[in-house]
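Assemble chain B onto chain A, guided by the hints.
Respectively, the protein sequence lines represent chains A and B. The first sequence: position 56 = 91 (the working numbering), numbered continuously. The second sequence: position 32 = 70 (the working numbering), numbered continuously.
A portion of the hints provided could be inaccurate.
What the hints assert, rightly or not - Taking lysine-lysine and the DSSO-like style, the derived pairs with C-alpha atoms no more than 27 Å apart in a straight line are:
| id | chain 1 | residue 1 | chain 2 | residue 2 |
| --- | --- | --- | --- | --- |
| 1 | A | Lys87 | A | Lys69 |
| 2 | A | Lys69 | B | Lys75 |
| 3 | A | Lys87 | B | Lys75 |
Unchecked claim - Cβ-Cβ distance ranges computed for the label pairs, FRET-style:
| id | chain 1 | residue 1 | chain 2 | residue 2 | range |
| --- | --- | --- | --- | --- | --- |
| 4 | B | Asn79 | A | Gln167 | 43 to 53 Å |
| 5 | A | Val184 | B | Asp93 | 17 to 27 Å |
| 6 | A | Tyr185 | B | Asp84 | 23 to 33 Å |
| 7 | A | Glu53 | B | Asp93 | 28 to 38 Å |
| 8 | B | Gly76 | A | Tyr185 | 31 to 41 Å |
| 9 | B | Ser77 | A | Gln167 | 38 to 48 Å |
| 10 | B | Asn79 | A | Asp209 | 33 to 43 Å |
Because the hints were derived from the structure by calculation, they are not lab data. For each residue, glycine too, the CB sits at the ideal point set by N, CA and C.
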Amino acid sequence: MELTPTSTIDLDDGLEWEDIQATSETNDLINQVKALGDPTIGDRKIDLIYVKKINTSDPFGAYGAAVPDFATVSPWMWDENHTRTCIFGSTSTSGNFPLSNRPFATAHEMGHVLTNHGHYAVDYSMNETNQQAFYNLMRGGGTSTTNSVYSSKRLWPNNLAEEDQIDMIRTATDIPQE
Amino acid sequence: MQGKLRATHTSSNLTASIDICPPEAIKTVTLNVYLMKGSDNQTFIDPSDVMNQIDLAKSFMSKRVLI
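Only chain A is shown next, with the shape it has when bound in the complex (with noise of 0.2 Å):
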């Protein structure tokens, strides 16, 4: 749905975002959205904002963020009532790059809230020893700018990985499965 924000929300110059403590701002606004929806849905919903841009202090900006459930444990310091929340840019941080470039932001950020984890081969307990990591979908990095054989939309079960992620998927939300 289309949603203007409350007064104490100023979208036009970009959110202000930063990964260890939500700013006012992003607080306000995942308040906001968080106030909405099916309250019948409970915790199988997953609310993906879309904004002008992501102001954060990473050097290499970003295009989408996530709150997944581990981000409440130290040391971040968010509120678990805003857990299972995407935020992303219509452009990079930079404005200089539509979302478009960026095919798979959406299913990448989804993926840290089911998967409840980081990036791959980053985040994760094994090491990357054969360039597994390009192609999936979890890189960190930032993920394809197109969709091609080649692009990184993979999710890797144990076989090949030390960590599977299906079975992240299936087991590390509380999100139920049927």
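Below, chain B alone, put in the same frame as chain A:
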């Protein structure tokens, strides 16, 4: 091991329902999509761009990319 992700959505309300379907079970996730507006009362992104991204997540995961 095979798995796939199914998604359906209606462009009118921008809500997507995704079933993640490994062989053993189905996990249904509802995506609530919010397109924020600027001071000009316009959204920052075209809704079709958003649905393209969700459709892509659906399509590549249903083509045995989750293997």
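Structure-based check of each hint:
no. : hint                           : verdict
1   : A/Lys87 / A/Lys69              : holds (19 Å)
2   : A/Lys69 / B/Lys75              : holds (17 Å)
3   : A/Lys87 / B/Lys75              : holds (9 Å)
4   : B/Asn79 / A/Gln167: 43 to 53 Å : holds (46 Å)
5   : A/Val184 / B/Asp93: 17 to 27 Å : holds (18 Å)
6   : A/Tyr185 / B/Asp84: 23 to 33 Å : holds (27 Å)
7   : A/Glu53 / B/Asp93: 28 to 38 Å  : holds (31 Å)
8   : B/Gly76 / A/Tyr185: 31 to 41 Å : holds (36 Å)
9   : B/Ser77 / A/Gln167: 38 to 48 Å : holds (45 Å)
10  : B/Asn79 / A/Asp209: 33 to 43 Å : holds (38 Å)
The structure fails none of the hints (numbered hints given earlier).
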